[in-house]
Amino acid sequence: MQEVYVEDFMSPGCVGCPVVKEMLKGLSEELSGEITVEEVDITVDTTRAAQYGVMSVPAIAVNGVLKFMGVPKKEELKKALMEELERDE
Amino acid sequence: MEQNKNGKKTGIGVFICQCGKNIAGGVDIPALLDFSRGLEEVVFVADNKFSCSEEGQIVIQNAIRDSDLERVIIAACDPGLHLMTFQRCGQKIGIDPAFVDLIDIRKWTMFGSPDKVDEKHALDNAKRLIEQTVKRMRLRRKIPKVTVEVNPSVLVIGGGVAGLEASLDLADKGYKVHLVERLPTIGGKMALLYKVFPTNDCAPCILAPKTAYTNIHPNINLLTNSEVTKVEGHIGNFSVVVSQKPRYVDEKKCTGCGLCIEKCPTKVVDNEYSRGLGERKAIYIPYDQAIPKKAVIDTQNCLYFQKGSCKICEKICPTSAINFKQEPKTIELKVGAIIVATGFDEYNPTQKTEYGYGRYSNVITQFQLARLLDIDGPTKGRLLRPADGKEPRSIVMIQCVGSRDENANRYCSSVCCMYALKHAQIIKEMVLPDTQVYISYIDIRTTGKGFEEYYKRTREIGVNFIHGRPAEVVENNETKNLILKVEDSDINELLKLEVDLIILSCATVPSKGTKHLAELLRVNLDENGFFKEVHPKLRPVETNVRGVYICGSAQGPKDIPDSIVQAKAAASCADSELRKGEIQLPEFMVKQT
Chain A
141 MQEVYVEDFM SPGCVGCPVV KEMLKGLSEE LSGEITVEEV DITVDTTRAA
191 QYGVMSVPAI AVNGVLKFMG VPKKEELKKA LMEELERDE
Chain B
102 MEQNKNGKKT GIGVFICQCG KNIAGGVDIP ALLDFSRGLE EVVFVADNKF
152 SCSEEGQIVI QNAIRDSDLE RVIIAACDPG LHLMTFQRCG QKIGIDPAFV
202 DLIDIRKWTM FGSPDKVDEK HALDNAKRLI EQTVKRMRLR RKIPKVTVEV
252 NPSVLVIGGG VAGLEASLDL ADKGYKVHLV ERLPTIGGKM ALLYKVFPTN
302 DCAPCILAPK TAYTNIHPNI NLLTNSEVTK VEGHIGNFSV VVSQKPRYVD
352 EKKCTGCGLC IEKCPTKVVD NEYSRGLGER KAIYIPYDQA IPKKAVIDTQ
402 NCLYFQKGSC KICEKICPTS AINFKQEPKT IELKVGAIIV ATGFDEYNPT
452 QKTEYGYGRY SNVITQFQLA RLLDIDGPTK GRLLRPADGK EPRSIVMIQC
502 VGSRDENANR YCSSVCCMYA LKHAQIIKEM VLPDTQVYIS YIDIRTTGKG
552 FEEYYKRTRE IGVNFIHGRP AEVVENNETK NLILKVEDSD INELLKLEVD
602 LIILSCATVP SKGTKHLAEL LRVNLDENGF FKEVHPKLRP VETNVRGVYI
652 CGSAQGPKDI PDSIVQAKAA ASCADSELRK GEIQLPEFMV KQT
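So the protein sequences, as listed, match chains A and B. Numbering follows this note's numbering, in which position 58 of the first sequence is assigned residue number 198; successive positions increment by one, without gaps. Numbering follows this note's numbering, in which position 314 of the second sequence is assigned residue number 415; successive positions increment by one, without gaps.
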């Protein structure tokens, strides 16, 4: 089974972050494959955010690669997750 | 050291640090090792007394080599502290920094940590975090990086003493510095202080060499009356938009002669330099030593701007510098790094209604007192009560107004004790030696170099100290004197005092616009609204945004020596990055901007 590890960079009070959270929740249920979502609060884990070059939230890294800054379209996010799930290692 | 090969793909090593007893004393290390050994793709597990020690790092490097590890997880302390240590350790033996991760399990085990939990919960939490991190590292790919050129220039926001120091340091090192100041003059709050502790030096006298040099330094582009309105980009290459308000005076032509000010018919209350206790004209130069010494028109009060007629200043100006048609300017800058030195504001004590500030005119703040004591201030150094212009025979200073207060700000503002002592000394020694001065305090905090001696001296010259905070101040309607009751806990006595003047030692709060600027820069603020550093002890001037540094009171309340130290530190951090000429950044970050 293919797996995806999603780092959902957020911060308290961020307007777009709950939208992304909901989107990821929906896609985790919709897509087949194991999707792990970790919420990373950039006000707490500043080092991780800096490592990826996250400068604003929401931002999403998929399997260690930063893919989105800002709220993505659901289709774009779905495509990014599916690419990883279908990837041949 | 133990090995366990189970379905090796990425070859992950998990290293659990005991941190002496800091971790080992609060969690079952063998249980964590057993747990980690069973995780997918983990091929090596070990614990170590101190992973960050030279010996600990050798253990990691040997394991990488001997067990073909491709990814390494160290379960130890805050990544803000040691991630770089372990990334460098891995890099030495050929592991990409993206494949080295440090996770903090110590926060659950160490005595004194606010997150400390019991041993069972520490084990559960640590297991969960290790499991999650193994999964993340297993799936993680190398972060694509690109090399970008670094622009050898810096934006400094704020022209107070910290901003000036950082600007001069960097300009002297050869960088181009753009110094942006919101007000028409640089110098910040220090210019309002009259004297500074613990030397009782004249504040403008020791500030002037810095403001004057800033004004003429060939590497400094001074932008007063200006605010940053947009910031994009990343370290090495920030694009900044600055909006400059018009002065309605041509800076190149104005000689600062003051003729326009003399002839201007409109007098208004000066809320900036005189803190509401003096007057200025509608066209004004903030104060004599202002830099740049150029006039500025206050459009809210100028007759021409309000009623369409007057223009006396234009007629009288010998160099035709007045220009009512000046427009706001938009200036675009490219800089490699940004230093935030936006300082602080004095807490508005009207919020503490019990002290009557704003209702009783003889209740003033320490900043207002500084203006009254200043020989160049609104009263030319005569200490006079605002209500009737009489010299006060008795004064009470109330400490911690808005500080160390659950209903206002919980933090200590750190400078109020010292400036109260300073003003008490000035009053007793220079202005009104026979006046009774009381300082009503919770604790006197004098921790800087030479500060305790300064405190002792203040006691020796006859200033009275009351160990307690008054609950309420009431005004005598006829005399305008102020009555307060305060319990002195040192002598267990309830004191009732009637005094001529009350001075409030107000908290230091984040300066106006801090929140907006933080949003523009994407820099985090702390729980009190000041700019937040990466680590309060070890990385005090760096922020969550690489290339953006903080210094002075923008980071938290502090005195001038500490502001200078931080300014130099921020300049040094910027220099360390900029001098490289080029820099490696995550590809996505560069693409986005």
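Derived by calculation from the structure, the hints in this document are not laboratory data. The model shown is predicted, which means the values in this text are computed figures rather than measured ones. Heads up, the beta-carbon is just placed ideally off N, CA and C, and yes, glycines get one too. Among the hints, a few may not be true.
Claimed, not checked - When the alpha-carbon atoms are kept at most 30 Å apart in a straight line, the in silico DSSO-like pairs for lysine-lysine are as follows:
1) Lys161(A) with Lys228(B)
2) Lys277(B) with Lys207(A)
3) Lys277(B) with Lys613(B)
Unchecked claim - DEER-style ranges, computed between Cβ atoms:
4) Gly210(A) with Lys122(B): 44 to 50 Å
5) Leu639(B) with Glu179(A): 57 to 63 Å
6) Val184(A) with Gly551(B): 36 to 42 Å
7) Gly210(A) with Asp302(B): 49 to 55 Å
Each hint tested on the structure:
no., hint, in the structure
1, Lys161(A) with Lys228(B), "holds (25 Å)"
2, Lys277(B) with Lys207(A), "violated (35 Å)"
3, Lys277(B) with Lys613(B), "holds (27 Å)"
4, Gly210(A) with Lys122(B): 44 to 50 Å, "holds (45 Å)"
5, Leu639(B) with Glu179(A): 57 to 63 Å, "violated (26 Å)"
6, Val184(A) with Gly551(B): 36 to 42 Å, "holds (39 Å)"
7, Gly210(A) with Asp302(B): 49 to 55 Å, "holds (51 Å)"
Checked against the numbered hints above, the structure breaks hints 2 and 5 and satisfies the rest.
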